[in-house]
Amino acid sequence: MKQRTLGRNSLKVSALGLGCMGLNFGYGTAVSKADGIALIRAAVERGVTFFDTAEVYGPFTNEEMVGEALPSSRWVPKTSPTSTRPQ
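Last residue of the sequence shown? That's 86 in numbering that gives the first Met the number 0, and every number before it is there in order.
It is possible that part of the hints are untrue.
In silico lysine-lysine, BS3-like type, Cα no more than 30 Å apart, as pairs [said to hold, decoys possible]:
1. K32 with K1
2. K1 with K11
3. K32 with K11
So the derived label-pair ranges between C-beta atoms look like this [as the list claims (entries may be wrong)]:
4. P58 with D34: 34 to 44 Å
5. T28 with G6: 31 to 41 Å
6. G6 with G46: 14 to 24 Å
7. V30 with R7: 10 to 20 Å
8. R3 with E44: 25 to 35 Å
9. A33 with S9: 34 to 44 Å
10. R3 with P70: 19 to 29 Å
11. R3 with R40: 20 to 30 Å
12. L10 with A53: 31 to 41 Å
13. S31 with R7: 19 to 29 Å
14. P70 with G6: 29 to 39 Å
15. E63 with L5: 20 to 30 Å
None of these hints come from the bench; they were simulated from the model.
It should be emphasised that the depicted structure is a prediction, and the values quoted were computed from it without experimental measurement.
Virtual Cβ for every residue (Gly too), placed ideally from N, Cα, C.
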């Protein structure tokens, strides 16, 4: 996956990102939490490290889903570590 540098702090993210608005806001019925987490983890497995969220999508529900899906001691991706979008 190609990478891009954001801003002046040299944060590198994948050139392709996942827009998370549709997980729980805006495009019809929200997906289940389990399906949202599975989608985010599938994106990570494919090299995506840029996740676009916003507080307006429900306040903080998007960020909580992304945070739960991203690597932790309970789940480790098969690919390299990820970075989330800076606030």
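Here is how each hint holds up against the structure:
no.	hint	in the structure
1	K32 with K1	29 Å, holds
2	K1 with K11	10 Å, holds
3	K32 with K11	28 Å, holds
4	P58 with D34: 34 to 44 Å	21 Å, violated
5	T28 with G6: 31 to 41 Å	35 Å, holds
6	G6 with G46: 14 to 24 Å	21 Å, holds
7	V30 with R7: 10 to 20 Å	35 Å, violated
8	R3 with E44: 25 to 35 Å	20 Å, violated
9	A33 with S9: 34 to 44 Å	35 Å, holds
10	R3 with P70: 19 to 29 Å	21 Å, holds
11	R3 with R40: 20 to 30 Å	22 Å, holds
12	L10 with A53: 31 to 41 Å	18 Å, violated
13	S31 with R7: 19 to 29 Å	39 Å, violated
14	P70 with G6: 29 to 39 Å	23 Å, violated
15	E63 with L5: 20 to 30 Å	22 Å, holds
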